[in-house]
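S.K.: Letter by letter, the chains look like this.
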Amino acid sequence: DAGITQSPRYKITETGRQVTLMCHQTWSHSYMFWYRQDLGHGLRLIYYSAAADITDKGEVPDGYVVSRSKTENFPLTLESATRSQTSVYFCASSALPFLAGDEQYFGPGTRLTVT
Amino acid sequence: QKEVEQNSGPLSVPEGAIASLNCTYSDRVSQSFFWYRQYSGKSPELIMSIYSNGDKEDGRFTAQLNKASQYVSLLIRDSQPSDSATYLCAVGNGGATNKLIFGTGTLLAVQP
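Protein chains in written order, with our numbering: chain A, 6 to 120; chain B, 923 to 1034.
Read the hints as simulated data drawn from the structure, not as lab findings.
Be careful, since some hints might not be right.
[Claimed, not checked] EDC-like cross-link-like pairs, simulated, lysine to aspartate or glutamate; straight-line CA separation at most 20 Å:
| # | chain 1 | residue 1 | chain 2 | residue 2 |
| --- | --- | --- | --- | --- |
| 1 | B | K924 | A | D58 |
| 2 | B | K924 | A | E19 |
| 3 | B | K924 | A | E64 |
| 4 | B | K964 | B | D1005 |
| 5 | A | K62 | B | E925 |
| 6 | B | K989 | B | D949 |
| 7 | A | K75 | A | E64 |
| 8 | B | K989 | A | E108 |
| 9 | B | K989 | B | E967 |
| 10 | B | K978 | A | D58 |
| 11 | B | K978 | A | E108 |
| 12 | A | K62 | A | D43 |
| 13 | A | K75 | A | D58 |
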């Protein structure tokens, strides 16, 4: 029972490079989310997806791109990484609201450092 | 701007005491309320959800919700050193988006 996994767990990249963070869930949850967590800001929503091929912006979407071709995967791409994108990134998922409320379950996180 | 406010702490309590964590929210249409526990370097873990006014108990944890006052709290009875973590309050609008707004968390330190 893997639940929700993220890869890589740690990543160091250089400014200007493209980097993709992967998220995979085995629960067949409809909703998936990407957050970043920074000291003093808490968890901030970057993008979310209600289903395959349906995505929408969150609070801090600039500089990020997402896709969702399959229900179980929700990759997050930093098109041209900047130092301000150094953060811990969490993926989360939740079931349809009428099935199980809107409880979200988190992956283990990816610690990204942009040099 | 919809907000969820928490005291950042640290809240220090002796082992065996009751820890009381508080959260206020600004959006009156909020419908769902959650407490997550986050150990240092780990991901948030859901420990309580509450949807109706009143108290909800689960083991040593009790969540309390007062929608009129826009206030939600978490009580931890018989606090243990293993309860030392950051506790995140999250609020949802119960709508079709399933989005949650998170507070910045309260750091709880349980002293042996």
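S.K.: State for each hint whether it applies.
M.R.: A quick look at each hint next to the structure:
no.	hint	result
1	B:K924 to A:D58	27 Å, violated
2	B:K924 to A:E19	35 Å, violated
3	B:K924 to A:E64	11 Å, holds
4	B:K964 to B:D1005	14 Å, holds
5	A:K62 to B:E925	18 Å, holds
6	B:K989 to B:D949	10 Å, holds
7	A:K75 to A:E64	24 Å, violated
8	B:K989 to A:E108	19 Å, holds
9	B:K989 to B:E967	24 Å, violated
10	B:K978 to A:D58	37 Å, violated
11	B:K978 to A:E108	16 Å, holds
12	A:K62 to A:D43	19 Å, holds
13	A:K75 to A:D58	8 Å, holds
The structure does not agree with the numbered hints 1, 2, 7, 9 and 10 stated previously, though it agrees with the rest.
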